[in-house]
Amino acid sequence: MSEDRTGVFICHCGTNIAGTVNCQEITEAIGRTDVALVREHAYMCTGGQAQIVSDIQEFDLDRIVVAACSPRIHDETFRSVCKEAGINPYMMEMVNIREQCSWCHTNQPVEATQKAIDLVHMGIENVKLNQPLTPIEVPMTKKAIVIGGGISGIEASLQMADLGHKVILVERGPTIGGKMAQLNKIFPDQNCSP
Amino acid sequence: MVDVGRHPNIELLTLSEVVDVKGYVGNFEVTLRKHPRYVTEDCTFCGECLERCNVFTEDDFNENRALRKAIYTPFLQSVPRQYVIDDKVCIHFSEEACQKCVEDCKKHAIDFSQVVEEETVHVGAIIGATGIRPYDPTGLYGYGDSRFPDVITSMELERMMSPEGPTKGGVVRPSTGRAPGSVAFIQCVGSRSEKEGQLSYCSKLCCPNTVKNTLLLKELSPELEIFVFHNGIRTSGNRQEKIFLEARREGVIFVNSFPEITLGHALTFSDPMLDHDRLMKKQFDLVVLAVGVVPTAVELSGFLGVPLGKRGFVKEDNQLSPTSTPTNGIYFAGAVGSPADIKQCIEQAGSAAMQVSKHFHRDTAELSPVIAKVDIEKCTVCGKCSKQCLFGAIRIEDKVASITEAVCRGCGNCVNSCEFDAISISNYAEEQMKAQLRAALRQPEEKIIVFACHWCSYAGADFAGTSRLQYSPNARIIKTMCSCGVTVDLMKYAFALGAPKVIVSGCHPGDCHYLDNNMFTKKRVMKLKEGLMSKGINPERLMLEWVSASEGQRFVEVVQKMEQLRVDEDEIEMTKMIFSETSKRKSKKRVRK
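Protein chains in written order, with the working numbering: chain A, 1 to 194; chain B, 1001 to 1593.
If you're looking for bench data, these hints aren't it; they were derived computationally from the structure.
The calculated lysine-lysine pairs, modelled on DSSO-like cross-linking and capped at a C-alpha distance of 27 Å, are: (1) B/K1358 to A/K166; (2) A/K166 to B/K1343; (3) A/K143 to B/K1034; (4) B/K1195 to B/K1281; (5) A/K185 to B/K1242; (6) A/K83 to B/K1358; (7) B/K1378 to A/K128; (8) B/K1204 to A/K185; (9) A/K128 to B/K1434; (10) B/K1373 to A/K83; (11) B/K1343 to A/K185; (12) B/K1373 to A/K128; (13) B/K1387 to B/K1522; (14) B/K1343 to A/K143.
Input sequences plus hints: build the corresponding full structure.
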């Protein structure tokens, strides 16, 4: 057993993943490696979160791999889970076995399962080399610029200004109003343009 | 509109444009170019200057269907309430050096000494809301042809119907100046068409807008004969269907067919409700083209560095954040992202304003720590990384390369330039990608390694999945922040491990999220392809493809094209040997240091 304590969490996403990929096979294949824990859950992003937190604490995990959907959707979710469990949020890697596996190899469940196992292996090797990181804090200038003085730009500026924020509204033409100002009346209620 | 002019928290800059944006969330530097108005804030809008000015030009606010003067206001409710001088036509700027308006202005509000100025402002967040412009239908249905004077656009009709417009609200035939007895509306002009130069999408506003105008016309003159030629009326949502039904009740005739126009404004059409094959011909006094809408996002995307979808609208970061761009601190609202009606523009403006307010709620912003770091043990201070970095994030000081954390974007372009493996991207280190390659290539037969950038290509692969597009299960995707983070070493390493095929993919040229760093990728891949060829290896085994976030189909095509490529075992073995040798040589070089 290695010194790292990696936990692997495999999401079924209802039937989105488990309907194609044989998750139990992943669990068995990964269970034969030196990871500290492999756990399946029907919905890792919802009910599974609490499970991950308690597993990190109970099994003293120091990094995790979440095999679920795209990291573009849930990276932040599982980073927060790590934080809640007391480990660095960057000691987590997501493995995409939904968009890049079950959904695009729907009619090839055997190959999809084999690919999922490979992807989880890749995730484990990747997370082993992850470093704990801390976000960089930079000062916030509390002033916004809105580019375009049509209805959207006007409304965005007013909303922010009403909340007390300073706004610069930049318009290329000599007046604000944009295309809206050219309209006679607006559908569906035939109101005058605002 | 007036509220903007008098709000103490809003600084309104008209006649101004953004020329450059630098920085990052919380700390953007925006360079503005301010064009002169030549009329100062002392203007009381009395209009005496207007009386004196004798220079006329086409009035773009009225769609060039009227004339205005060189000193003017686009419309009476303009904000700010100040006249403006059009320096393209004003004869003060010619040899005549006309001064008439100056002479008559009692407030001395006219100032011809104003010049173009540039100013840089410091802001924490940006909202792009540059909207849309109407599609130019010149050449369609006789528009723009002097033989068809009574073919106008929907925007021209709007201006005609406006009490402030060129006809003071009266709808007339441009050829005679008299009211029409019959009006035809033609829908989808420029929209929902795959023809060159036209718009493939539904512009969404034209159907309800036409229905609205038919009702207003019927109100003005109940006897008016109105036909609407369409490709399926789209009046979706809560109240739009109601006005469509109302228009039908008022006697507006909707024909599901596109007509042909011939001289005398005669439209030939068939009505599928009656008889598909029977052609009918009818003359109309006025033909209104319901033109589509065109995004104005290209320029915005240029200086904000945010990606566009393939139809030219700003692309949202993901569909659950409809007003966010992929860049933290930059948001957008309204039709610049997709055709949107006024109500939707207002909703999106609220959403974008809320996103910005969330930032302003805190005194600091968090930036991603996924950035470059230097191993000072290995760094030889050669300076190559510093020259490579287009963001200027690497300084050479105190005998070591040093990263300015807030400036580094974490693209990984510097990594390739370091011969000593001293620089890496946190948690996207070359070693980590090599570890992934080893795991992916435990059984390398038939495998396709795909390096995909976080912003575009990886998202494109996601989109392929979301769309349930099927492709070869041999693909193994490795995510990088930018394609420029795929080092030559890494590509060689994949081949050394026996990868039969490698795809490197990133954002399209011009769409890269890190200036034009994907051009470095191109250079590296092309060079390695040459290297492969010189060693007798099929260069097609290494593929460079640009795949955007909206191109799921293209991602699939790229993988399937690679899947078709046959590579025999001997060639794989030979490649393995060649590249295992070069990796050894590189490690010797490191030892020498």
